[in-house]
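Which chain is which? The protein sequence lines are A and B, in order.
Using our numbering, the first residue of the first sequence is number 1, and each one after it goes up by one.
Using our numbering, the first residue of the second sequence is number 1, and each one after it goes up by one.
By construction, these hints were calculated from the structure, which means they are not laboratory data.
All of these numbers come straight from a predicted model, not from anything done at the bench.
Here are the simulated lysine to any residue pairs, SDA-like style, with alpha carbons at most 25 Å apart: (1) B:Lys214 x A:Tyr31; (2) B:Lys216 x A:Met42; (3) B:Lys200 x A:Leu6; (4) B:Lys202 x A:Met42.
Next come the chains, spelled out residue by residue.
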Amino acid sequence: MANFYLDTPALKHHLNHPLMKRIVELKERNYRDKDEYDYAPMDFEDAMDSYDRVLEIIGEICGEIIAPNAEGVDHEGPVCANGRVTYASGTKANLEAVTKAGLMGVAMPRRFGGLNFPNVPYMMAADMVSRSDAGFENLWGLQDCAETLYEFGNEDQRMRYITRVCQGETMSMDLTEPDAGSDLQSVMLKATYNEEDGCWYLNGVKRFITNGDADIHLVLARSEEGTKDGRGLSMFIYDKRNGGVNVRRIENKMGIKGSPTCELVFKNAKAELCGDRKLGLIKYVMALMNGARLGIAAQSVGLSQAAYNEALSYAKDRKQFGKAIIEFPAVYEILSLMKAKLDASRSLLYETTRFVDMYKALDDIAKERKLTPEERQEQKLYSKLADSFTPLAKGLGSEFANQNAYDCIQVHGGSGFMKDYTCERLYRDARITSIYEGTTQLQVVAAIRYVTTGAYLAKIKEYETLEVSEDLKGLQKQLVEMAEKYAKAVEYVSEAKDQNLLDICARKMVEMAGYIIMAHLLLQDATQSPELFKTSAFVFVRYVRGEVEKNSSFISDFKVEDLANYVK
Amino acid sequence: MGLKIIVLAKQVPDTRNVGKDAMNADGTINRAALPAIFNPEDLNALELALRIKDNNPGTTVSILTMGPARASEVIREGMYRGADNGYLLTDRAFAGADTLATSYALATAIKKIGGYDLIIGGRQAIDGDTAQVGPQVAEKLGLGQITYTEEVLSLENGKITVRRHIDGGIEVVEGTLPLVLTVNGSAAPCRPRNAKLVQKFKYATSKSEENPAKEKYAEQLKGKDYLEITEWSVADVDGDTKQCGLSGSPTKVKKIENIIFQAKESKTITGSDADVENLIIELLNNHTIG
Numbered sequence: 001m002a003n004f005y006l007d008t009p010a011l012k013h014h015l016n017h018p019l020m021k022r023i024v025e026l027k028e029r030n031y032r033d034k035d036e037y038d039y040a041p042m043d044f045e046d047a048m049d050s051y052d053r054v055l056e057i058i059g060e061i062c063g064e065i066i067a068p069n070a071e072g073v074d075h076e077g078p079v080c081a082n083g084r085v086t087y088a089s090g091t092k093a094n095l096e097a098v099t100k101a102g103l104m105g106v107a108m109p110r111r112f113g114g115l116n117f118p119n120v121p122y123m124m125a126a127d128m129v130s131r132s133d134a135g136f137e138n139l140w141g142l143q144d145c146a147e148t149l150y151e152f153g154n155e156d157q158r159m160r161y162i163t164r165v166c167q168g169e170t171m172s173m174d175l176t177e178p179d180a181g182s183d184l185q186s187v188m189l190k191a192t193y194n195e196e197d198g199c200w201y202l203n204g205v206k207r208f209i210t211n212g213d214a215d216i217h218l219v220l221a222r223s224e225e226g227t228k229d230g231r232g233l234s235m236f237i238y239d240k241r242n243g244g245v246n247v248r249r250i251e252n253k254m255g256i257k258g259s260p261t262c263e264l265v266f267k268n269a270k271a272e273l274c275g276d277r278k279l280g281l282i283k284y285v286m287a288l289m290n291g292a293r294l295g296i297a298a299q300s301v302g303l304s305q306a307a308y309n310e311a312l313s314y315a316k317d318r319k320q321f322g323k324a325i326i327e328f329p330a331v332y333e334i335l336s337l338m339k340a341k342l343d344a345s346r347s348l349l350y351e352t353t354r355f356v357d358m359y360k361a362l363d364d365i366a367k368e369r370k371l372t373p374e375e376r377q378e379q380k381l382y383s384k385l386a387d388s389f390t391p392l393a394k395g396l397g398s399e400f401a402n403q404n405a406y407d408c409i410q411v412h413g414g415s416g417f418m419k420d421y422t423c424e425r426l427y428r429d430a431r432i433t434s435i436y437e438g439t440t441q442l443q444v445v446a447a448i449r450y451v452t453t454g455a456y457l458a459k460i461k462e463y464e465t466l467e468v469s470e471d472l473k474g475l476q477k478q479l480v481e482m483a484e485k486y487a488k489a490v491e492y493v494s495e496a497k498d499q500n501l502l503d504i505c506a507r508k509m510v511e512m513a514g515y516i517i518m519a520h521l522l523l524q525d526a527t528q529s530p531e532l533f534k535t536s537a538f539v540f541v542r543y544v545r546g547e548v549e550k551n552s553s554f555i556s557d558f559k560v561e562d563l564a565n566y567v568k
Numbered sequence: 001m002g003l004k005i006i007v008l009a010k011q012v013p014d015t016r017n018v019g020k021d022a023m024n025a026d027g028t029i030n031r032a033a034l035p036a037i038f039n040p041e042d043l044n045a046l047e048l049a050l051r052i053k054d055n056n057p058g059t060t061v062s063i064l065t066m067g068p069a070r071a072s073e074v075i076r077e078g079m080y081r082g083a084d085n086g087y088l089l090t091d092r093a094f095a096g097a098d099t100l101a102t103s104y105a106l107a108t109a110i111k112k113i114g115g116y117d118l119i120i121g122g123r124q125a126i127d128g129d130t131a132q133v134g135p136q137v138a139e140k141l142g143l144g145q146i147t148y149t150e151e152v153l154s155l156e157n158g159k160i161t162v163r164r165h166i167d168g169g170i171e172v173v174e175g176t177l178p179l180v181l182t183v184n185g186s187a188a189p190c191r192p193r194n195a196k197l198v199q200k201f202k203y204a205t206s207k208s209e210e211n212p213a214k215e216k217y218a219e220q221l222k223g224k225d226y227l228e229i230t231e232w233s234v235a236d237v238d239g240d241t242k243q244c245g246l247s248g249s250p251t252k253v254k255k256i257e258n259i260i261f262q263a264k265e266s267k268t269i270t271g272s273d274a275d276v277e278n279l280i281i282e283l284l285n286n287h288t289i290g
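Throw the hints in and build the complete structure from the sequences for me.
Below you can see the structure in the form of structure tokens.
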């Protein structure tokens with residue numbers, strides 16, 4: 001019986017982080033649901049026990065149902081006919097399993113039928129689902145949209161829609177249009193208010209919409225006639241039961257083929273406004289995207305895990321020159337680096353998720369009562385940390401997933417290039433992670449301000465003061481030296497006071513900060529659970545040392561006049 | 001209208017993943033080396049029962065199992081998937097039972113529960129592979145039985161129509177309730193455990209089970225009757241100890257042997273249609289396939 005939770009003890013390690021106590025207390029409001037719901041926890045230990053048990057169920061569904069279905073889903077794919085999408089048979093079976101298991105609405109409050117889990121165990125589920133079938137994670141993970149509905153919808157909308165999501169209905173977020181991709185300010189889909197029936201109607205086209213035939217859609221549309229930028233956009237809820245939206249076609253994609261990517265035609269589709277007019281892009285979609293980016297970070301880690309597992313098992317199995325190829329340094333070096341990148345990106349994912357959990361729980365409490373000054377302080381701190389860590393987790397995590405998928409094929413050699421092995425699907429599936437929900441380049445744009453303001457450096461300095469076990473002290477010292485190099489590079493670029501120079505060096509600096517942060521997190525993990533993380537800590541710090549050297553060398557003599565060589 | 005369904009379930013050693021230390025030197029099963037699991041075909045039986053429950057509001061599904069205190073795990077596993085409650089038959093006097101003594105014990109417990117419409121069990125358990133307990137329970141209760149059930153096709157007005165999976169094909173039969181069904185492994189697989197039900201029932205225990213967590217939360221769990229798994233001894237079900245356990249078991253194991261299959265001769269089969277057909281006939285006849 002394959003169980004993706006039990007066979008990956010790193011998950012339980014991250015679940016047991018000390019900050020969880022505070023997160024669960026806040027999320028459960030001191031366990032007030034216990035008298036009202038027979039499945040609500042009575043205290044912290046009880047809640048943690050429940051997370052552990054539920055993750056074990058998800059691990060089993062992943063290992064026994066979703067992963068075995070992945071290949072068939074990849075081949076069969078969804079089909080579109082008469083404006084509607086039919087999922088691949090394996091996808092249907094997966095959806096039935098997660099619905100029967102009560103795994104829709106994982107993070108939603110109990111009054112809507114959710115499990116009220118914090119994001120940490122929820123992202124662990126996403127991590128495992130992605131490892132099984134990254135395409136299916138998109139469908140299951142779109143329950144994230146319920147979070148946006150919860151945050152910005154009114155209580156009536158929450159009650160009508162979130163309850164349905166908790167019962168298994170799927171969602172989509174309809175943002176992109178043919179001429180509005182990374183630049184969502186250009187969204188043109190038109191929302192018109194009809195005075196007669198007091199309803200909004202949507203007209204236009206959306207493109208690249210994941211799960212575009214979902215039951216419930218969140219739609220970004222232009223509600224303010226005559227406007228051209230983001231301030232004229234509002235968010236709407238479209239209910240498939242009302243009709244008016246057809247799927248024109250499904251894209252033929254390189255990867256995540258089980259997840260239907262749709263072109264949608266809105267023809268007088270009745271919709272309702274979610275939240276306030278004009279805040280669609282600037283407030284709601286930004287929140288939605290941050291949640292989605294965390295989801296992609298989890299998807300990336302799941303893919304990294306799958307790639308590592310496939311490579312490891314092949315390398316043990318495959319014999320050349322009279323021995324298993326894993327015995328050759330050239331091969332085990334690849335595998336150790338894959339594992340180190342996997343462990344590092346997972347540590348960053350859950351650190352980020354804890355920050356998100358902290359501020360979101362406090363945000364939610366603030367809806368009920370005034371926060372104390374200490375709580376407001378806490379909320380501000382974690383909100384800033386979440387904002388600064390999310391682009392690192394998504395940007396760097398997805399790049400690592402791609403590198404691991406590449407290396408996974410490399411370990412397989414010629415066989416990896418054939419369609420016979422899982423690794424080729426992982427390679428195709430991983431490719432999108434560094435593109436959608438904001439390309440790596442856009443993650444750098446989101447992250448660079450924390451480089452220039454010194455926010456990352458301040459956090460790194462904080463990590464430097466944490467205790468690590470005796471045998472890791474040398475590594476910690478090396479990281480201090482690397483941080484100095486990073487600070488020097490940032491200082492050099494900042495002093496030049498040239499936006500283009502800053503932009504061209506931005507990714508190198510963001511990488512340095514992110515890698516150093518990941519390395520510190522791995523040292524903490526290795527101190528707690530040396531059996532799981534110690535070798536990765538050593539391998540990763542050596543890797544980061546090389547990368548910091550490389551990136552700071554790139555920056556060190558980059559002059560404004562050198563930019564001319566790059567301009568096309 | 002709701003029905004009352006009793007699902008017979010057994011906790012068995014997981015003989016599907018047998019390692020080299022699975023057997024003791026004396027030929028008995030080394031239970032320590034094999035994890036205890038929900039007998040696979042009993043899970044098919046549970047799913048069949050839960051589907052009837054899904055389609056017939058008001059239906060209750062109870063799990064009945066016999067075994068040591070830890071066999072309550074099977075009942076909890078059932079509750080995690082949608083069963084309403086469970087009965088554990090546990091008593092030293094039940095130990096060492098063969099199929100006859102087992103079916104006697106189960107039948108007395110079923111009589112005690114009473115009011116049932118359907119008794120549903122797996123075709124057979126993977127530890128003994130006898131497929132006798134279900135039919136014997138039916139006989140002892142004086143009920144009709146349908147074995148090798150694969151799917152319920154209809155259920156109304158006290159009549160049930162099921163599809164049976166039999167050698168060489170299927171058979172559709174009708175039966176009158178109350179009735180015993182044994183369910184084949186080819187029936188629908190059991191649904192996964194449900195996240196809410198796991199959280200709701202995780203502290204469900206029978207009285208002789210020790211559970212420190214349950215003691216810790218004694219105050220909060222007070223009044224939650226659904227956390228009590230009914231536990232019955234021989235006396236509780238008014239059983240006759242002579243018909244229970246070892247003393248009620250005419251089956252005596254004389255000797256157990258490890259059999260290792262060895263290919264003694266090789267046969268060459270060409271790709272011709274005739275050869276392939278003969279091979280299929282041979283494999284069907286010696287039950288290698290089919």
